[in-house]
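From just these sequences and the hints, can you work out the full model?
Order-wise, the sequence lines are chains A and B.
Here our numbering is used: position 86 in the first sequence is 86, and no number is missing along the way.
Here our numbering is used: position 68 in the second sequence is 68, and no number is missing along the way.
Since the hints were derived computationally from the structure, they do not count as laboratory data.
None of the hints are false.
Straight line, CA to CA, 35 Å or less: simulated DSBU-like cross-link-like pairs of lysine-lysine:
1) A/Lys66 x B/Lys5
2) A/Lys64 x A/Lys20
3) A/Lys64 x B/Lys101
4) A/Lys41 x B/Lys71
5) B/Lys68 x A/Lys41
6) B/Lys101 x B/Lys54
7) B/Lys5 x A/Lys55
8) A/Lys41 x A/Lys14
9) B/Lys37 x A/Lys42
10) B/Lys101 x A/Lys66
Counterexamples of contact, computed for chain A against chain B with all Cβ distances above 12 Å:
11) Lys14
12) Gly16
13) Ser54
14) Lys55
15) Lys64
16) Asp65
17) Lys66
18) Phe67
19) Asn70
20) Thr75
21) Leu76
22) His85
23) Thr115
Only a predicted model underlies this, so the values are computations on that prediction, with no experimental measurement involved.
Glycine included, every Cβ here is placed at the ideal spot set by N, Cα and C.
Residue strings, one per chain:
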Amino acid sequence: GAVVSQHPSRVICKSGTSVKIECRSLDFQATTMFWYRQFPKKSLMLMATSNEGSKATYEQGVEKDKFLINHASLTLSTLTVTSAHPEDSSFYICSASPTGTGALHFGNGTRLTVT
Amino acid sequence: DQQVKQNSPSLSVQEGRISILNCDYTNSMFDYFLWYKKYPAEGPTFLISISSIKDKNEDGRFTVFLNKSAKHLSLHIVPSQPGDSAVYFCAASPEGMGAQKLVFGQGTRLTINP
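As structure tokens, then:
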């Protein structure tokens, strides 16, 4: 079945540094990928829609300059948390679906801890 | 504004009994609803879905019920098994069956006791 791979699964970084998270669709092409964030005991909040070859669409309240999204190919989207602060510590998950199927597949998530 | 709400953060059920997870929504434009299951340190996996034109969808041990007038859906798992212990998220979309942009509830942690 369709698989979405997310890397790294866990990252610890110091305040002020930037962290890049990769989301790959392993056996299908995805023109659109989605990035979510989950705080403890909260729902998965959609952060942005990543569009291959064009700018990402950000949800209200999400800082586009802080969460840089690049979708350079049909199988890879990256989320870069720039100048990370402790309040950016969270669980970040990407999702994608094979074109035309509507079946949304999620990566295993990335636990980001900013010290 | 939480458009999809799961008011029970946790639920504990005896093995073999029925588990009922509830979900309420506020947006009347939602026309497609899904349930996802999530284990720790893993992404959510799709479980079952229902279109707003139906009021019930069944798949093996899992049944989803939709009450549009009450803006309420529920997931029934029977019989419950230890492997069902996980966090369950309901999700909704106004985009129909091809929905990719979903609104999630907060999740309910289900624990099945042997």
